[in-house]
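Undergrad: Generate the whole structure from the sequences, applying the supplied hints.
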Amino acid sequence: MNIEEIALKMELLERQNLSKSAEITNYTQSALTAKVKKMEREIGQDVFKRTPQGLKLTEVGQHYLQFLKKVAEQYEDFLHTIGPTQTSILVGTSHTTIKIYGPSIMNALQTSRSPIDVDFTVESSTALNHKVHLAEIDCALTSNPIKHYSDLHYDVLATETFEVISSSAHIIDFDQRTPVTLLVLSKGCMYTHALAQWLTDKQVPFTMKEIKSVSSILDFLEIEHTLAVLNTKLLALYPCPDLHFYDLDGLHSVIETVYIYKKDDSKQPLILQLKQVIESLLEQN
1 MNIEEIALKM ELLERQNLSK SAEITNYTQS ALTAKVKKME REIGQDVFKR TPQGLKLTEV
61 GQHYLQFLKK VAEQYEDFLH TIGPTQTSIL VGTSHTTIKI YGPSIMNALQ TSRSPIDVDF
121 TVESSTALNH KVHLAEIDCA LTSNPIKHYS DLHYDVLATE TFEVISSSAH IIDFDQRTPV
181 TLLVLSKGCM YTHALAQWLT DKQVPFTMKE IKSVSSILDF LEIEHTLAVL NTKLLALYPC
241 PDLHFYDLDG LHSVIETVYI YKKDDSKQPL ILQLKQVIES LLEQN
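For the sequence shown, counting from 1, position 225 maps to 225 in the UniProt record's numbering; every step adds exactly one.
In case anyone wonders, no lab produced these hints; they're calculated from the structure.
Using N, Cα and C, we set each Cβ at its ideal position, and we do this for glycine too.
Keep in mind that the hints are not guaranteed to be accurate.
Pairs of lysine-lysine, BS3-like flavour, derived with a Cα cap of 27 Å [claimed, not checked]:
#1 37 to 20
#2 209 to 99
#3 147 to 20
#4 131 to 262
#5 187 to 233
#6 49 to 35
#7 131 to 275
#8 147 to 209
#9 20 to 49
#10 37 to 70
#11 131 to 20
#12 212 to 233
#13 275 to 263
#14 262 to 35
#15 69 to 20
#16 20 to 38
#17 35 to 131
#18 49 to 131
#19 69 to 37
Label pairs and their computed distance ranges (CB to CB) [unchecked claim]:
#20 280 to 205: 44 to 50 Å
#21 119 to 54: 42 to 48 Å
#22 41 to 71: 17 to 23 Å
#23 208 to 121: 20 to 26 Å
#24 3 to 112: 29 to 35 Å
#25 279 to 46: 49 to 55 Å
#26 22 to 176: 48 to 54 Å
#27 161 to 66: 49 to 55 Å
#28 205 to 252: 21 to 27 Å
#29 7 to 236: 44 to 50 Å
#30 213 to 22: 39 to 45 Å
TA: Spelled out as structure tokens, the structure:
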């Protein structure tokens, strides 16, 4: 039995409500029912009694919960005694964020001789948010997602702006409602969502194309009826004088950049150290 199994058993025994535990743990209720039955087979007695008011702990269940708490406390004491042995953190970022901040973060960690070893994974803000919730990655630096999970912190570190651009040779008149092609780095990006919603509200037909290279996006803007949405700081890294910048009425072009991490995580000291490094870099910009 590993520490994750202990934590899940404690959740089930303490909450005594499988539907609510399912919401918090991201397991289905049927899967948790199976885990309760397995738990009862392991110890040979029932841990719950079924009542008209719902599940209630049996005396055995109460003793088992206290036993699990002691095991968890002893494990935490053991980790505190030996100190942090795992210094690697898996950090999620968007395509935009890794381009703007990735090299600076790595350089800052190396020059400060930080014990933190960072590995990056790149996906949309929506996917990263979900992966931190599932503990598949340790934290994420990305635009503020629409959905917030109750078990996660969303610390706002900066505000970013984005630009809607096209070639100066092919300025788009949105009032004509001519079908356009929208070029984006990621279909899951919050910049993309904002502009796609604006085009939908204005009844402008559009086709979205995901292109992973900023330089390729700028090249494709030479095609008529084509526009793109890019982070302002990212765009500044690619000088391109022949661009038209749109000031679209009703489009809020400011997005918050957040640092997402678990409220209760054994790696939290390292995660917070990394947060301080990132905050220091943002203050310099």
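Undergrad: Now tell me if each hint is right for this structure.
TA: Now the hints, each set against the structure:
1. 37 to 20: Holds. Residue 37 to residue 20 sits at ~18 Å (cutoff 27 Å).
2. 209 to 99: holds, 20 Å
3. 147 to 20: holds, 18 Å
4. 131 to 262: holds, 11 Å
5. 187 to 233: Holds: residue 187 and residue 233 sit about 19 Å apart, inside 27 Å.
6. 49 to 35: Distance ~15 Å between residue 49 and residue 35 Cα, so the pair holds.
7. 131 to 275: Holds, at roughly 18 Å.
8. 147 to 209: The hint holds at about 24 Å.
9. 20 to 49: The hint holds at about 18 Å.
10. 37 to 70: Holds: residue 37 and residue 70 sit about 22 Å apart, inside 27 Å.
11. 131 to 20: holds, 20 Å
12. 212 to 233: Holds, at about 17 Å.
13. 275 to 263: It holds: about 14 Å lies between the C-alpha atoms, which stays within 27 Å.
14. 262 to 35: Holds, because 24 Å separates the two Cα atoms, which is no more than 27 Å.
15. 69 to 20: Answer holds: residue 69 to residue 20 is near 20 Å, not above 27 Å.
16. 20 to 38: Roughly 19 Å between the alpha carbons, so the hint for residue 20 and residue 38 holds.
17. 35 to 131: Holds, because 23 Å separates the two Cα atoms, which is no more than 27 Å.
18. 49 to 131: Since the Cα atoms of residue 49 and residue 131 sit roughly 35 Å apart, the hinted pair is violated (cutoff 27 Å).
19. 69 to 37: holds, 20 Å
20. 280 to 205: 44 to 50 Å: Because 45 Å falls inside the window, the suggested range holds.
21. 119 to 54: 42 to 48 Å: Holds - the Cβ-Cβ distance for residue 119 and residue 54, about 43 Å, lies within 42 to 48 Å.
22. 41 to 71: 17 to 23 Å: holds, 19 Å
23. 208 to 121: 20 to 26 Å: Since residue 208 and residue 121 have Cβ atoms about 23 Å apart, the given range 20 to 26 Å holds.
24. 3 to 112: 29 to 35 Å: The hint (29 to 35 Å, Cβ to Cβ) holds, given that residue 3 and residue 112 are roughly 31 Å apart.
25. 279 to 46: 49 to 55 Å: The hint (49 to 55 Å, Cβ to Cβ) holds, given that residue 279 and residue 46 are roughly 51 Å apart.
26. 22 to 176: 48 to 54 Å: At roughly 50 Å between Cβ atoms, residue 176 and residue 22 fall inside 48 to 54 Å, so the hint holds.
27. 161 to 66: 49 to 55 Å: Hint holds: Cβ distance 54 Å, inside 49 to 55 Å.
28. 205 to 252: 21 to 27 Å: holds, 22 Å
29. 7 to 236: 44 to 50 Å: Holds - the Cβ-Cβ distance for residue 7 and residue 236, about 45 Å, lies within 44 to 50 Å.
30. 213 to 22: 39 to 45 Å: holds, 42 Å
The structure is inconsistent with hint 18 alone, although it conforms to all the rest.
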